[in-house]
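K.L.:
These are the residues of each chain, in order.
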Amino acid sequence: MKQVVLIIGGRYQSNACGFIGEFEKLGGRVDHILCLKPSRGGIQRLKSTLGFLRVLGPTRLKAWSIHRLCKACGMQQLSTLKARWNYPGENSWDLLEDGFDLFAHAEQRNIPIHFSPALTETVIQRFTAKQPAILPMYGGGILPKAMIRDQRAEFVNAHMGEMPRYRGMNVLEWAIAEDMSPQVAVMVMNEKIDGGDVIWHQKIRVDGAITIADLRRTGYQHCFQAMAQAVFRYQRDPSLRTPQPPGARYYYRMHERIRKIVNAKLLAGSVS
Amino acid sequence: MFGKLRTVRNNRLYKPAHANRVLFDGLRIVGRTPTTEQALKNVIEWIKASFDATPDGGSSAYYRFGSGWKASYPETTGYLIPTLYEHAVFSADDGWRKLATGAADWLLSIQAAEGGWQGLQVDQKAELRVFNTGMILDGLVAAYRVEQDARYLDAAIKGMKWTFDTMDENGFFSRFNVVGGGAFDTLVVACLLMVVQCMAKEEQEKYRALAKRALDAHLSLQTENGWFRKCNFTGNDTALLHHLGYTLDGLLISSEILGDDTYYDAARRTAQRLLSKFEVNVELPAYTKADWTTHNDLGSRPSQCLTGYSQIAIVFQKIHARENDLRYLNAALKINDIVASIGNYRSSNAGIHYGISGSYPVNGNYQPFQMVNWAAKYHAESLLLSLGACMPKKLSP
Numbered sequence: 021m022k023q024v025v026l027i028i029g030g031r032y033q034s035n036a037c038g039f040i041g042e043f044e045k046l047g048g049r050v051d052h053i054l055c056l057k058p059s060r061g062g063i064q065r066l067k068s069t070l071g072f073l074r075v076l077g078p079t080r081l082k083a084w085s086i087h088r089l090c091k092a093c094g095m096q097q098l099s100t101l102k103a104r105w106n107y108p109g110e111n112s113w114d115l116l117e118d119g120f121d122l123f124a125h126a127e128q129r130n131i132p133i134h135f136s137p138a139l140t141e142t143v144i145q146r147f148t149a150k151q152p153a154i155l156p157m158y159g160g161g162i163l164p165k166a167m168i169r170d171q172r173a174e175f176v177n178a179h180m181g182e183m184p185r186y187r188g189m190n191v192l193e194w195a196i197a198e199d200m201s202p203q204v205a206v207m208v209m210n211e212k213i214d215g216g217d218v219i220w221h222q223k224i225r226v227d228g229a230i231t232i233a234d235l236r237r238t239g240y241q242h243c244f245q246a247m248a249q250a251v252f253r254y255q256r257d258p259s260l261r262t263p264q265p266p267g268a269r270y271y272y273r274m275h276e277r278i279r280k281i282v283n284a285k286l287l288a289g290s291v292s
Numbered sequence: 132m133f134g135k136l137r138t139v140r141n142n143r144l145y146k147p148a149h150a151n152r153v154l155f156d157g158l159r160i161v162g163r164t165p166t167t168e169q170a171l172k173n174v175i176e177w178i179k180a181s182f183d184a185t186p187d188g189g190s191s192a193y194y195r196f197g198s199g200w201k202a203s204y205p206e207t208t209g210y211l212i213p214t215l216y217e218h219a220v221f222s223a224d225d226g227w228r229k230l231a232t233g234a235a236d237w238l239l240s241i242q243a244a245e246g247g248w249q250g251l252q253v254d255q256k257a258e259l260r261v262f263n264t265g266m267i268l269d270g271l272v273a274a275y276r277v278e279q280d281a282r283y284l285d286a287a288i289k290g291m292k293w294t295f296d297t298m299d300e301n302g303f304f305s306r307f308n309v310v311g312g313g314a315f316d317t318l319v320v321a322c323l324l325m326v327v328q329c330m331a332k333e334e335q336e337k338y339r340a341l342a343k344r345a346l347d348a349h350l351s352l353q354t355e356n357g358w359f360r361k362c363n364f365t366g367n368d369t370a371l372l373h374h375l376g377y378t379l380d381g382l383l384i385s386s387e388i389l390g391d392d393t394y395y396d397a398a399r400r401t402a403q404r405l406l407s408k409f410e411v412n413v414e415l416p417a418y419t420k421a422d423w424t425t426h427n428d429l430g431s432r433p434s435q436c437l438t439g440y441s442q443i444a445i446v447f448q449k450i451h452a453r454e455n456d457l458r459y460l461n462a463a464l465k466i467n468d469i470v471a472s473i474g475n476y477r478s479s480n481a482g483i484h485y486g487i488s489g490s491y492p493v494n495g496n497y498q499p500f501q502m503v504n505w506a507a508k509y510h511a512e513s514l515l516l517s518l519g520a521c522m523p524k525k526l527s528p
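Chains as they are written, first to last, in the numbering used here: chain B, 21 to 292; chain Z, 132 to 528.
The set of hints was computed from the structure by calculation and includes no laboratory data. Think of the CB as a built atom: it goes at the ideal place given N, C-alpha and C, for glycine as much as any other residue. The hints are all genuine.
Ranges of calculated distance between the beta carbons of each label pair, as one might list FRET restraints:
#1 70/B with 360/Z: 54 to 60 Å
#2 168/Z with 47/B: 57 to 63 Å
#3 78/B with 429/Z: 17 to 23 Å
#4 360/Z with 65/B: 54 to 60 Å
#5 106/B with 136/Z: 40 to 46 Å
#6 453/Z with 199/B: 14 to 20 Å
#7 111/B with 134/Z: 44 to 50 Å
#8 136/Z with 92/B: 25 to 31 Å
#9 198/Z with 110/B: 47 to 53 Å
#10 78/B with 239/Z: 56 to 62 Å
#11 159/Z with 213/B: 25 to 31 Å
#12 455/Z with 93/B: 37 to 43 Å
My request is simple: use the sequences and hints to build the entire structure.
P.N.:
Following this line, the structure appears as structure tokens:
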């Protein structure tokens with residue numbers, strides 16, 4: 021059976037706790053935890069200490085001047101307009117609470133924790149040299165092609181949309197906008213964005229009148245539940261892995277006018 | 132150094148109104164995002180100023196920083212007419228209808244005996260031009276539909292026949308045309324079809340067949356990846372977003388009038404590429420190369436073509452209306468917000484006040500240092516479309 025190596029980036033502790041909790045409930049065991057933490061070497065420490073001086077740097081001064089100019093003239097930066105469609109405050113680290121202290125939990129269960137400043141082939145090979153691994157991903161950014169092609173390392177992520185119908189961003193909201201039932205898909209990552217082989221699909225239950233933030237919170241919870249189910253079952257049955265059929269559709273950040281429609285549907289409790 | 136000084140002198144950048152605009156664009160500072168209704172009010176105010184700037188009933192082609200308002204532009208006055216009629220209905224203000232009718236009357240007064248209209252602005256000597264004539268037909272058909280005055284239709288039919296007569300044996304409009312014609316002439320065909328559908332049924336068949344021949348010929352300019360060759364008035368090997376906009380809208384309107392999905396499908400193929408290119412970067416470059424990569428017209432970065440933006444927003448809204456695919460509406464709304472914010476710029480100079488520049492930033496390669504009336508027209512039309520206030524180009528049976 022393949023080992024399970026959990027990868028955690030800076031802000032994903034709550035998702036990781038959720039995954040471990042659900043995975044252990046099913047009887048699974050995480051073999052290693054790999055924490056991605058930027059190195060805090062001498063130069064970085066110095067940079068961080070003198071960080072306040074950056075305010076006086078030309079880039080910061082320019083940004084500050086532009087900000088003041090916009091305020092004085094009642095205008096905005098084009099980047100501010102575009103950032104409006106990012107809807108801050110709705111990421112998992114904003115909406116989910118840490119279930120428990122991950123490090124204390126790992127210690128209690130004898131799960132070795134490793135630290136690395138970045139996800140590299142060498143780091144991964146340290147885990148996969150003896151035994152192939154399934155690597156549930158919570159953070160870690162875009163993976164280099166060579167790493168994805170490594171047959172002994174299967175990086176797995178959960179996506180809040182049915183595949184291949186809902187690839188891209190804000191897909192949970194897009195499913196509601198299109199009167200489809202929202203789902204989570206767990207995939208083995210490949211070179212295409214959201215194009216990996218699917219190992220698990222799970223419907224997201226939406227109960228009663230809720231807001232988009234509630235919906236996303238529920239979605240994230242379903243994500244780690246689905247991830248636990250998927251990894252547990254896939255460890256035991258590799259045939260679960262199936263390529264996505266054709267017909268992929270990509271979605272992008274949602275404009276507020278369409279978001280209003282989604283919000284109205286959710287608040288009316290008409291989504292099931 | 133001298134080049135920069137020349138730019139300052141030629142574009143009168145020593146004037147505060149001009150310098151401010153260049154400064155704000157350079158710093159990527161735009162106005163607050165107005166509501167759709169307010170954005171429409173802004174741009175229509177500029178369009179009115181462009182009419183007020185000329186003595187003949189036409190709309191000034193553009194406000195150029197270096198030389199001020201230009202003379203009336205028959206081509207773009209033509210396609211401003213339907214937008215003015217639509218705005219008259221939307222705002223319940225008959226003044227816009229009078230402005231549109233006055234513009235149509237002016238176009239009748241400058242029609243050549245052969246049936247076509249001249250290229251360029253009215254103060255310049257230019258031969259008759261197919262593309263310009265086509266755009267004027269759009270205006271005359273709108274005037275006929277609203278005013279029910281046969282003079283407009285008669286003039287439009289005469290113009291339509293002249294245009295079809297210029298068509299070459301391969302189905303292209305290579306004679307009497309800008310850069311010998313190109314993919315953008317699909318919009319000429321669409322305008323010809325707008326006229327044809329107003330004619331008696333028994334007369335329509337011949338012209339519909341000719342239009343189909345022309346459209347099929349122009350479809351051969353579409354490449355495998357949905358890009359279009361010969362899609363730039365300067366005849367170089369990049370496609371300008373504005374001219375892609377003409378091409379796609381021409382295909383969509385033609386498809387609607389002819390009831391033939393071939394042209395719709397072709398337009399959609401290109402639109403799909405534009406949709407993903409826009410959404411990934413939340414911007415579209417003014418110029419694209421044959422493999423859809425960006426052409427950097429400002430050295431290390433591209434400018435954006437605001438006319439093309441609004442035209443693509445119109446195309447996206449039409450695709451959404453037909454397929455109910457919200458992704459297209461989503462992108463169109465974002466584009467409208469971007470153009471409306473860039474245009475939400477107040478100035479003591481009427482030429483700049485709420486004007487839409489040819490390029491963003493204003494010193495981009497396409498129509499540099501100019502507020503152009505065709506950018507204002509397409510922005511207004513895109514906003515009207517999003518408010519559900521545009522008249523369909525196809526006549527109801």
